[in-house]
Amino acid sequence: MKANPNKLTFASIETNRGLEAALGGERADAIGRVSHSGLKGRGGAGFPTGVKWNLAAAAQSDQKYVVCNADEGEPGTFKDRAILTDYADLVFEGMTIGGYAIGATRGILYLREEYTYLRRRLESVLARRRKEGWLGEGIGKRGDFHFDIEIRMGAGAYICGEETALIESLEGYRGEARNRPPFPVDTGFKNHPTIVNNVETFAWISCIFVKGEDWFKKLGTEKSSGLKLLSVSGDCAQPGVYEVPLGVTVADLLELVGGEDAKAVQIGGASGNCIPASEFERTIAFEDVPTGGSIIVFGPGRDMLTVAKNFMEFFVDESCGQCTPCREGNVKLLEGIEMLEQGTCSMHYLRELCALGETMQLASKCGLGQSSPNAFLSIVEHFKDEIMGRRPEAAAVQGA
Amino acid sequence: MLRSEQEQLRKNIEQWVEQYGRDRSALLPVLKKVQHDYGHISEYVMQVIADILDIHPVEVHGVVSFYSFLGQRQKGRYVIRLCRTISCDMQGKDRVARQLRNDLGIEFGEMTPDGHFTLEWANCLGMCDEGPAMLVNDRIYTRVTPERIHDILEECRKSFGVYPTPMKEAEPA
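Residue numbers (the numbering used here), protein chains in the order written: chain D, 1 to 400; chain Z, 1001 to 1173.
The shape of chain Z in the complex, shown without the other chains (with noise of 0.2 Å):
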């Protein structure tokens, strides 16, 4: 990363803490931030994040590793979670996962190659009556198909360039 990339990052931070308070509260508020403006919550921005609240940073990572919406991975612009509780297990989850599997070419856990999609399972997402459910983002799709996976990926695919909240490029590994 570059420093001034560093600098801007670190401003940032300052930036959200202001906004959600000066304490151990605002963690999880600015940590969900940079997930979802940098796609993942690298080593580094842990050191700035407890500098700047004056935690130690083994609580920073304590926190990241305990959700599972935030992360050290990097994520692709689209995150596609698959909910995989018994109400939509039992509506045809299975084929809709391997559909996935096949237009993206990935397993579950992994980034397509140009980091466009990350493809993760979600636990309930809350749309037991009308499933198969999946999360794209913020968008929530119920009643999927195996056939719908692929308009809602070229969907996407179409806005790549006018995604609401423009992401950083993937930080060099």
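Looking at chain D on its own, in the form it has when it is part of the complex (with noise of 0.2 Å):
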């Protein structure tokens, strides 16, 4: 891999002493810590850590888990790819703090069928720590915390990203997402009381415990603290992971990796929204524009139909079909950009495709069907000029 130019902060901590930090300290104390950095969840949704911890702390059970979510299958995003290359100590060293924290003694890595080719290293991480006593029966000093973690496989669901679906998945079900309530923190894997949190939200507890959570707090935004790590590719000249504090505006961040002349960036994946070069000062916040971390630029040259396309596809071959607003919508969207490309989609039959995603926002199941319409909606409002009225041997042109 490529020396990334924007170094990270994971580099400059050592690993164990935020686990050692933790341990010195109550539970209680922890989820304090964690709650007062302002932490939120980084795989997108933004749910304040601390919040969700406590939750599952106050859980009766005699067991609990503590589940890491390697799911990372957003298009756009690999920044979970490359901290889990390089960084991995600091996942488990936060997955062992969560799980002091919330008194679970089981972790479980769920780690994507794509990424199989990282299992091999991530169990000799894992040996290795069991070796040196940070995890396993009587962590650290303490004789009576006892935390162990496993990796389990993913099988190839985008959906099993949504953590109920994951939990579903572990259980050996179909990875369709449950009805909430109840909430995982409650009845998660097994019945039991569980975590679920994002591969990046992980390796932040462990620098959050070392460098302190005022220092976490004090970066970002009010509403987002902290560092962010973006994935970005496309139309850039130097795509890669970066390290930015949220509230960074989409204009500095082309800066950064060379993509200044964009005409688009998509934020947030396929699920995510489409931001025209008119709205480029907008920042990248969980208050302004919310992402998971998946940041592709469009250069000028790029066909936004194309794109919308593209996304529309991937949403019909990944949805569950668990519910109808997602299973038939998401085909009647790409059917409609379909039109679009033969240049006979009327205005009428545009708008109801539009009320169609504003349905799908409303009434699907989980977040997968829930957020699928967002890429087409947003593509459709700021570039109907270059999509609507196109002659088909246009398209054909384009698309050799």
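Hints are not guaranteed to be accurate.
Which residues of chain Z face chain D? A few of them, derived with a C-beta cut under 8 Å, are [what the hints assert, rightly or not]: (1) Ala1026; (2) Glu1043; (3) Arg1139.
In short, the hints are calculated from the structure, not lab data.
For clarity, every value in this text was computed on a predicted model and none was experimentally measured.
Glycine residues also receive a C-beta, built at the ideal position from the N, C-alpha and C atoms.
The task is to assemble the complex, starting from two chains supplied on their own in separate frames and drawing on the hints.
Right, dumping it as structure tokens:
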């Protein structure tokens, strides 16, 4: 892997100092520090990590689980691969801190099948940590805290990035999202309280316990504290993983990655939003444009209808099929795009499709279906001139 | 399938269930093991697993049909998965796909007549800054060009007979 121009904070963190710091205090103190840091989940939904851990800690059960969501399937996302490749210790350390904080003894890293080539190395890191006493019985200097982590593989389903679908997969079911409530912090894996957090979230946990929650809190914005890893790809000079404080503007990010002439940026992958050049002053933060880390840059020559079609094909393929709005709606949106390609879509019908997209956002069962029309709706809104009234020959030529 | 092969298969599944835990959460790891060692998951396998785990065969079938890395159709010794999501698409995946079709003589979703290669699409391999990307069994290739396809396929062909985990012969139809 080429040297990244933007050195990550993770590189300067000494492994296991965070875990020692956590074990040096009470469980409630550990959760308090996480809450005070303002850390929100780095997988995209942005749920406050301290709140989640507090709920799990309060739940009464003979067994609890810490699950690391390494099912990084959002198109345009690869930051978790980079973290697992170079900073796996910080992830496992963060999971161990989570286990201590909520009173769990079992951890599971759910690794997507496409990343099988990482598994051997991750298993060797786990083995070393057991040997060194950071996993297993009697962790650290305490005799009363036991925790171990196993790796479980996914089997190729994008929906399993959703936490309840992931738990279903771990239990041996189709990865279909569960009804909520009950929430996983009460009834998760095998009906025990479970926290599910992103790879990056656990890595930041380790950093927070070394550098302090105040360090994390003062970075970013008031509502979106801390740093964020972004996976930048597409039409830019230097794609790669970048660490930025939340609240950075799209324009500043494009300058950093060499994509200043972009006409649009897809933030949040296929389930995110398309930001046109006129809105590049918007900020990447939970209160403005949230993202799990996928940033796809579209240069001046990109055909936005081809982009939208790729996203809709993705969702048609990856919908789990459980609920009607997602299963049928995505097919209809894709058909609409094909009509636009042929130049046969009326404005009336396009408005009907947009209304359908809004219905999908309201009525789909899980986050996949609720967010699947986002790209379509934002591209239609901002690039109407480009996508309407085409001649089929033009589409064919561009496709050649 | 010969009866002795059926018995060996059942023994293997019993062993894997013991290894992963005799409850429903063992289902996916066991299915993955069968897929890896046998190239596909036959109806007989589903029956055996359902029997051992004490669940209905329909449940096993539902799980097999849900996940893209599991399937009833026999797959080749090498499964090539080309990423088709937007970042790799923008970096030239179409030409790579065309070259794969040219060199293998099959369409996506098909297996070569000799049983050596299956061609599939993948939905994001997480190599978006180094596309086009391709997964050949567990090995990841990045910045794939049409020119490199031949060398990659030749590398696979050279290793026939020394595959790290030997695959069984394809089951008679």
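Query raised in the report: Checked against the structure, which of the hints given earlier come out wrong?
Result: 2
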